[in-house]
Structure formats: structure tokens, C-alpha cells
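Starting from the structure of chain A, add chain B where the hints point.
Number of protein chains: 2
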Amino acid sequence: MKKFINAVDNVLAESLDGFAAAHADLVALGAERKFVRRREPNRNTVALVSGGGSGHEPLHAGFVGHGMLDAACPGRVFTSPTPDQIVEAAQAVAGDAGVLFIVKNDSVDRMNVEMAAEIADGKTATIVTDDDVAVEKSTYSIGRRGVAGTLIVEKIVGAAAEKGADLATCVALGERVNARTRSMGVALTSCTVPAAGTPTFALGEDEMEMGVGIHGEPGRRRVKLAAADAIASEMTTAIAEDLAAPAGSEALLLVNGFGGTPTIELYLMYNAARRMLEQRGLRIVRSLVGSYVTSLDMAGCSLTVSLLDAETTALWDAPVRTAALKW
Amino acid sequence: MKKFINAVDNVLAESLDGFAAAHADLVALGAERKFVRRREPNRNTVALVSGGGSGHEPLHAGFVGHGMLDAACPGRVFTSPTPDQIVEAAQAVAGDAGVLFIVKNDSVDRMNVEMAAEIADGKTATIVTDDDVAVEKSTYSIGRRGVAGTLIVEKIVGAAAEKGADLATCVALGERVNARTRSMGVALTSCTVPAAGTPTFALGEDEMEMGVGIHGEPGRRRVKLAAADAIASEMTTAIAEDLAAPAGSEALLLVNGFGGTPTIELYLMYNAARRMLEQRGLRIVRSLVGSYVTSLDMAGCSLTVSLLDAETTALWDAPVRTAALKW
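Here the protein sequences come in this chain order: A and B.
Residue 1378 in this note's numbering is what sits at position 170 of the first sequence, and the numbering runs on without skipping anything.
Residue 1531 in this note's numbering is what sits at position 323 of the second sequence, and the numbering runs on without skipping anything.
Calculated directly from the structure, the hints in this document are not laboratory data.
From a predicted model like this one, the values you see are computed outputs, not experimental measurements.
The hints are all genuine.
Computed cross-link-like contacts, DSSO-like style, restricted to lysine-lysine with a CA-CA straight-line distance of at most 27 Å:
no.	chain 1	residue 1	chain 2	residue 2
1	B	Lys-1211	A	Lys-1432
2	A	Lys-1210	B	Lys-1211
3	B	Lys-1210	A	Lys-1210
Computed from the model, here is a short list of chain A residues facing chain B with C-beta under 7 Å:
no.	residue
4	Lys-1211
5	Ile-1213
6	Gly-1226
7	Phe-1227
8	Ala-1229
9	Pro-1266
10	Leu-1396
11	Pro-1470
12	Tyr-1478
13	Asn-1479
14	Trp-1535
Have a look at the derived ranges for each label pair, beta carbon to beta carbon:
no.	chain 1	residue 1	chain 2	residue 2	range
15	B	Ala-1221	A	Lys-1432	22 to 32 Å
16	B	Ala-1239	A	Asn-1252	47 to 57 Å
17	B	Lys-1534	A	Asp-1374	27 to 37 Å
18	B	Gly-1489	A	Ala-1435	49 to 59 Å
19	A	Thr-1347	B	Glu-1415	28 to 38 Å
20	B	Asp-1517	A	Asp-1233	15 to 25 Å
By construction, the Cβ of each residue, glycine as well, lies at the ideal position given by its N, Cα and C atoms.
If we strip away everything but chain A, and leave its shape as in the complex, we get (with noise of 0.2 Å):
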């Protein structure tokens, strides 16, 4: 295992601790780092509150900020968050206007936000994201995983709730962005989880793992290695035909590298993804490259398109300030 760490039980609690200190202008970390909160909460709006298991970073303490949320909850690597930690957090955030849960759907995950909302027994909702078309179950899930679309749910709605909007408005929101938006991921390599030191899962040298989830559950099928437009292809054609929205539609474009792929080979994945949405009658209008949902150390990308409409696109655009997303 080749890592930058000191003892593997330290890892998450030092990367915090970094990450706190590096951007202290817009954060702050709860007690025992359970929680990382916007540094000035807005106690007039609906507080975001969302969570999970760490090594997606930078999902989703990298997107507390003005404008997305106002406190994360990180579990141990690949771990849900604990209820105690999502009540703190809640309780660290809340204000008149209720508090929102946006988890990923994950089956501990989604039962500790429940028993968290009812424990803080206040006014609260959830929304439970499920972008990824890859498989109908997973490891963790009943359902369709959560993964990268949950970035856009955050950043959508965050940004109504940054303007005023009250917490069934936030909900409807969210609630139709996630039903807008399709992903699917692709992992050249494992991932390897500090406290296991050996890879998630095994694959030749020249296979791939076709419609991964952002943990290494196993995805479709395991593949050759086959070129970038040949794996573009099956994801946009898998995303497209779940989506089925009408030709002409305006659309998002998420291309998101799970952690050990490099920038350049993200924007070659995005050249061929945009083309292919494109041929299909998608309209392109927004952008977004980088590695925002990863899996650790997965070489790997996810695609996701999410159907923007007038409102949903000013949102988009709505200023925000956080580690990871910025404008």
C-alpha cells in the first residue's frame, strides 16, 4: 500500500485537521471532528446538512460553504456517519427553518439519518440521491446507488436555500434534480482502503470494471480494457436511454475522476461524452471536470448528465464559495 499516512487509524482524523486549517476562511470542525460546519452558519435559511463515508473527498466536506452546505459529517473511510455526529451537526447549523438531509442512497446511511431526524425531532426531510443507472441493487443499496449526481443536488439546492427558500421547496427541488440526473463509473484499478492495505477487489491488467460504485461494489460486468470512445459510449448510451429526455433538452455534463486518474485523461472522456450526448440531442449548456466523488485511489471516472431547466440553471450558476467548488 503507497500511501502518504502515519497509522492508518489516524488517517481520516489528520486529513481533517488539514483540511479545517487550509480553509479556515470558510470552515470550521465540530467537536471530535464529528461534523465540518460553515464557518458563519446562516441561521435564517434551511441548513444542508449531508454526510457519509469519507475517501470520497472531496464529497462532501469540500462543499460547505455559502451558496451549498452548511455541514458535513464525515464517517471512517468507506463507514456511514453515526447519528450522533448528524444531530450535532444539525443542531450545530439549524435555524427556524428547518434542517435537510441529502444522503446517498446507502441503507446505513439513510437508517442513521432517520434515526438522526428522530432524535433531533425538529423540522426536518430528507432527500435520498440515486443517480447511478449502472445496477438496480447494489452491495449497500436496495435501489440504485447515490454517487456523483449528488454534487449537483447539493450545489442546486444549496443555492435556493442560500436565497430563501423554505424547506418543501427544497425538497421539491432536490428531489427533482436527483430524478433528472443519471450517472455511471468505470474503474481501471482498485481502490485500496488504508485499514484493509490490500486492493477493494482484483483486476487484470487489461480489464476493467464496467458501472463500478464509488466503493468498488461490482458493477455490470468485468470488461477488456477497451478504448476511451468505446467506454463512453456504453455509459452515455446506459444514461441517455434511462434518462429519455426529449431531443433539444439542456443538459449538465459532470465528468468526475474517481481519484487516481489524471485531468488530461478526464477532458479526453469529456471530448468523447459531450460528442456522443450531443449525436443524441442533448444540448451541452454546463460543464463540470475534475474529481469531486472519488473512491480513494480508483483509477476510474464516472459521467453524469443532470437536465437543467431555466430555474435549475441560474441556481447552478449561483454563487458559491467552498474548498472544492468556487465561482
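Structure of chain B alone, referenced to chain A:
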């Protein structure tokens, strides 16, 4: 070789096309993809032109835009851009205030910029960055290599040019920033150049290359893999001893990933490096953590420390709108 590519000869062209399409609001691609320029060049200010071999993305094209570079010339992977690329880029963005070339200290990069400056035969000047303390002389350079510190020179001088500083002022500022900037890198794995198809150098499963260059050039020594703190200690010691800054000096700390290292590890290294630099009396007042000056898919990172004063801090903080840096 596990990469998202179609054909080895098309990697750069397809990646550049994707980059230009994804960021069409900020940049435009020159004829035959010879350069990337600001979508709307400002003809009244000094034009900053940089470039170098590709494979270091987002450097340099990712830094083209308001408040940073006016144009960047991408050579083939790890290969200098040609003089005619540099001349055409300069002609595309030059106004009456002149052109400032910013070039990493690499023998061929420098020669080609000198030839371009002669051909352009106008009001031009050149800043050469040489921030790498690892070795005094390397495979491709006489004198120290220019590495991630180049980003800091480009950001600070870009802000000054945007505010209307003249050519002589920009040159003096860039030389001052470069003289106060030091970097050092470490590789946990080699990179793989697409055209070669195999790793540039061989590293054992328990080895790392301390002081590596961004093309995989040899560093100070091949050593056994060590804990993050031990790695950070060797790098911060080399940097701080060379900088020899008075106690209390204010500095920017850049922790830069080489392409295959995930964000969670970069923040862990930031945490270690920051603590060590502060123990040496430096005050870390600005931070940047991410993969900005990469070496294809190499796992590894570099640390850069740049001493700041009131003027350079304000220029670092000035608004920037590029693909890779925005605030």
C-alpha cells in the same frame, strides 16, 4: 497501460478539444491547437504567455483567464512547445504593453522561448522559474528545475498585469516571487507516458523517489517508503533551510498532487507540513491544496512554500477566473 485514451497520437488533441469545449466561456483554442488563449484578451495590459510540455494539467492551460495567463502553449506530452506555437500565442494576445513569457527552467523550453522572442521582435520579457530545491542540476535543466511554484508566479504576476502594471514591474515582481518560492516533490509511483506505454522509471513496492522532478527525473535519493510525517519532515527541512526566512515570515503553502494521489492524502500531508513549517517560525497565511502541477498519473506530491508580503498577498487574493483556479 491503463488510461482513458483512443490512440496514443491523439491524446493531447482530444484532451484539448474537451478542455476548450468545457470552458468555452473562458478560453478559445488557437488554430491547429497551437495555444489556448483567453476568450477575450485585454489589449491594454501586459500579456502573460506560458507553456511547456503537456502531462502537467491543469498547468498551464487551466490557468488561462481573467487575472492570470493570457495564453498557454501546450507541447506534446513532456515535450516543449515549438517556437512557432509561442510566437502565434504571443501575437494572438499581445497589445501595446508587451508580452511576458513565463517559463519553467528547462533547457529546451527556454531555448524555444528565446527563439520565439527573437521572431516576435517586439516588446517582450521572460521570467524563468526555478523553485525546485531537490537537485542543483537535472536531466533537462542547468540549474534548478521550475515546478509547482510556477503557478504562484503566474497567479501573482497575472493579478498585477490585470491591474495594469507595466512590463518592467511585472518582470521585477515575478522575479521577486520566484526568488521567495521553494518546492520539493516525492514520487510513490512512476508516471506512464502514453507514447512509451510503460512506466518511466521502476520503483519497488516499498520504495519512493525523494526529490523527483515532474517528468519523473531522478531526485535526491531512492529510499524506503516512510510515514507521511517523515516525508514531510525531509521536504519541509530542505525547503526551509534553503529559504532561510526570518522567524515570523508569512507564507503560502501549496500541497500539490502529481495526478494519482487522492485529496484525502494531500490534506494529510498539508496537516503535517503546516505544523512543521510553523514549528520553524513560518506563519502559513494562505493555502492551496490540490492537483495543479501534475505528472500524468504519478502518485506523489510536492510541497511549495512562497514567502508573502502585503503586496503579494493582495495580488494572490485578487479575483481570478480560470478553469482550474477561481475566486
